[in-house]
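*Asks:* Take a look at the letters that make up each chain.
4 protein chains.
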Amino acid sequence: MAKLHFYYSAMNAGKSTTLLQSSYNYHERGMETLLFAPIIDTRFGVGKVSSRIGLEQEAISFNENFDFYDYVKKKVAENPNIKCVLIDEAQFIKQKQVLQLSKICDDLNTPVLAYGLRIDFRGEPFEGSKYLMAWADQIIELKTICHCGKKATMNMRVDEQGNKVREGEQILIGGNDCYIATCRKHFMLGQAGAFILPVKNRENWEAEEPLEA
Amino acid sequence: MAKLHFYYSAMNAGKSTTLLQSSYNYHERGMETLLFAPIIDTRFGVGKVSSRIGLEQEAISFNENFDFYDYVKKKVAENPNIKCVLIDEAQFIKQKQVLQLSKICDDLNTPVLAYGLRIDFRGEPFEGSKYLMAWADQIIELKTICHCGKKATMNMRVDEQGNKVREGEQILIGGNDCYIATCRKHFMLGQAGAFILPVKNRENWEAEEPLEA
Amino acid sequence: MAKLHFYYSAMNAGKSTTLLQSSYNYHERGMETLLFAPIIDTRFGVGKVSSRIGLEQEAISFNENFDFYDYVKKKVAENPNIKCVLIDEAQFIKQKQVLQLSKICDDLNTPVLAYGLRIDFRGEPFEGSKYLMAWADQIIELKTICHCGKKATMNMRVDEQGNKVREGEQILIGGNDCYIATCRKHFMLGQAGAFILPVKNRENWEAEEPLEA
Amino acid sequence: MAKLHFYYSAMNAGKSTTLLQSSYNYHERGMETLLFAPIIDTRFGVGKVSSRIGLEQEAISFNENFDFYDYVKKKVAENPNIKCVLIDEAQFIKQKQVLQLSKICDDLNTPVLAYGLRIDFRGEPFEGSKYLMAWADQIIELKTICHCGKKATMNMRVDEQGNKVREGEQILIGGNDCYIATCRKHFMLGQAGAFILPVKNRENWEAEEPLEA
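Protein chains in written order, with the working numbering: chain V, 1305 to 1517; chain R, 1305 to 1517; chain U, 1305 to 1517; chain D, 1305 to 1517.
No lab work stands behind these hints: they were computed from the structure.
Note that CB positions come from ideal geometry on N, CA and C, so glycine has one too.
Among the hints, erroneous ones may be present.
[Said to hold, decoys possible] With the C-beta cut set under 10 angstroms, the calculated list includes, among others, these residues of chain V facing chain U:
| # | residue |
| --- | --- |
| 1 | Lys1400 |
| 2 | Leu1403 |
| 3 | Lys1407 |
| 4 | Cys1409 |
| 5 | Arg1422 |
| 6 | Gly1427 |
| 7 | Ser1433 |
| 8 | Tyr1435 |
| 9 | Ala1440 |
| 10 | Asp1441 |
| 11 | Gln1442 |
| 12 | Lys1455 |
| 13 | Met1492 |
| 14 | Glu1507 |
| 15 | Trp1509 |
I would like the entire structure built from these sequences, with the hints used as guidance.
*Replies:* If you want it as structure tokens, here you go:
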């Protein structure tokens, strides 16, 4: 029986790299996959999964009305060599779409690997994350670390001046805010820190977890 | 306190890709790493870590007399920005070298990530794997699958005619044998199968685990 | 830094046994713990944690207005030998109480182990589970199996005639309905099955996961 | 396909409790199990599995000539309701017996849960542990902690005066030495510490991992 996997993390944990490597593993052995990315993610252009390490691949774009089950059902009927469904930025899918993903596992016997953020900048779960956490067969954490070396679990929204943003829409369209992964303590203190550790802080710096892939 | 991690797997599970991505994660944040690879691995040239996905990086080569502790101690004294030690093909290290790796963690407070095969083609643990399994603080499996879809745990040596080799030296210098990861059942049956699944076998084929990164 | 752990499961996975064994481990080494159970759980009397294997221990009862942070802060100030906080039926806590638990970790440096159901009989996350899934530092699954042998992830409410109940209040006060853990397929089919496997079904029955503790 | 699971740990991590709870989980659902314990373990009498929490159950005793495969094959043929094989103190089994356990999984389709120490008081793997680490389908750590709060990975042999014993037979018959689980640092320093933490050391004491079941 195929399973629904939810790989969750904070910002910049390498979700897209992991997704692309998993997809590659199928192709390397002669099988095919379906990749999905939300229209909302316009960082790299609609319909692409891109990773910071330099990998990139085209993806089928989806919005909140997209029916994953109908689409995948048709595709696997045409091409039984499709052996896996992978979804980037899965925090943006809706409750009914998570149900569609579980039907892809149960009725079409095709595994689904969904990658997404756990919570937004206010600490609230996204709709997709909430129901993936509720219904996934496997929940796997992809780890990243705060500037202090602790595991990062929060996503701080930071404005152009580097100040923490505390209120606003869950999904920011346009604007110059950015997101930084921090531990809970530095999130509460509003200290985003720097992704690249300042040299003066490095001597006794120690990561709680190795920065493993 | 830094820790000794052993990432073990069968052949072709993506150990080198994972190693390179972990090293990249440190560099991306402004830190440095030390990479080691055995002289014996001449697949891609001495002193390189290479992965099938196309990534490659230079590495410090080691043989069985190399002293990891002395080398790393000197390097981190010169450059406190070195924050992680990564070792490819770690099955080839000796018992005393595993002890050196644990001293790198305990005395130099630098984490060590060692990647290696668990067992040889006869089912015997390598010396390095035996002592990494005995002393590592964390033991992590990197998964791959057999041609039948089950998780692969064995490494079959196969000669030019595709027949299973049952006896011989643990480490083969030269020669045209190759290694294929299989489940225990197909190892016992001597059925290596094909890394790329034949089309006729794909229709009802299902992987026990997704081919995740 | 102390951490917030969420041990989630479907019905009858042994959550209370695991909680009591963890508490025992602290006491065995000379330390003390604080145990909490909701007033709502009147199966075994208010203020107790009881497990099917026959273990039982008194607990501090809480309702939705209870302030975990204030209570624990006072207790650990009086008795620094308290080294762990354990919470049974943690699905019933409120959002603000999950925040209190994270403050117990961050400000009082005392680890919190919360045990609870992931979802209700309709498939909706409980408020406690939703925010524990969102904010916990560690998310750990305690496994149980469906009558078919697959891992159980759903909780079916069943009436006195053995029929699946599809609507109603999230928490049932009184009444004779009961809850049975099933896999998603048998949940969708409304087939609760029997907790004790009928003899005629046992011959080829095989569990996906061992019934491990 | 049934699997061979190896649950490894240092001393006093609760291996026997976990084994008994797993066995209980099968019986509770109407199925049966086979329990094995070595003759060498005379702590509680031959042929018993006993845990510090007070649970106890009879077991089939084995020595190094015992054939697990033949025994289990006969038993499951007589009684197809036997659904799991559990082995206490599995570090004491021999290489050929680990092979028998894997045949119980592969040929009889019955899962095997083996519980044992990883290494002896000199840091050397036991024969059973070495081959279980090499061939098990799943390797699971049961955690315990050193007196300092770090995870314990070593087993120190201590004489009547509380001094570390550095040499001697792997298995001690008679005598008054005992074994204490410590981290690697305190093992190297020969500081066994106390299982029950002295009150004066408790104030700032913090466990790296919770003492979870």
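*Asks:* All the hints need checking, so say for each whether the structure fits it.
*Replies:* How the hints compare with the structure:
1. Contact between Lys1400 (chain V) and chain U, as hinted, is not supported at the beta carbon level, the nearest pair being about 12 angstroms apart and thus beyond 10 angstroms.
2. Interface restraint check for Leu1403 (chain V): the shortest CB-CB distance to chain U comes to about 9 angstroms, inside 10 angstroms, so the restraint holds.
3. Interface restraint check: Lys1407 (chain V) against chain U, minimum CB-CB distance 9 angstroms, threshold 10 angstroms, status holds.
4. The criterion of a C-beta within 10 angstroms of any C-beta in chain U is met by Cys1409 (chain V), whose closest approach is roughly 8 angstroms, and the hint holds.
5. Of the supplied interface hints, the one on Arg1422 (chain V) holds, with its beta-carbon coming within about 6 angstroms of a beta-carbon of chain U, less than 10 angstroms.
6. Nearest Cβ of chain U to the Cβ of Gly1427 (chain V): about 7 angstroms, under the 10 angstroms cut. The hint holds.
7. Hint status for Ser1433 (chain V) relative to chain U: holds, with the closest Cβ pair at about 8 angstroms, below 10 angstroms.
8. Contact between Tyr1435 (chain V) and chain U, as hinted, is supported at the beta carbon level, the nearest pair being about 8 angstroms apart and thus within 10 angstroms.
9. Taking 10 angstroms as the C-beta contact cut-off toward chain U, the hint placing Ala1440 (chain V) at the interface holds, the least distance being around 8 angstroms.
10. Satisfaction of the interface hint for Asp1441 (chain V) is found here, the shortest Cβ-Cβ separation to chain U being roughly 6 angstroms, below the 10 angstroms cut-off.
11. Checking Gln1442 (chain V) against chain U by beta carbon gives a least distance of about 8 angstroms; that is within 10 angstroms, so the hint holds.
12. Residue-level restraint check for Lys1455 (chain V) holds (minimum Cβ-Cβ distance to chain U is 7 angstroms; threshold 10 angstroms).
13. Below 10 angstroms, beta-carbon pairs count as interface contacts, and Met1492 (chain V) has one with chain U at about 7 angstroms; its hint therefore holds.
14. A least Cβ separation of about 20 angstroms between Glu1507 (chain V) and chain U goes past the 10 angstroms threshold, and the interface hint is therefore violated.
15. Taking 10 angstroms as the C-beta contact cut-off toward chain U, the hint placing Trp1509 (chain V) at the interface is violated, the least distance being around 15 angstroms.
The structure fails hints 1, 14, 15 (numbered hints given earlier, in ascending order).
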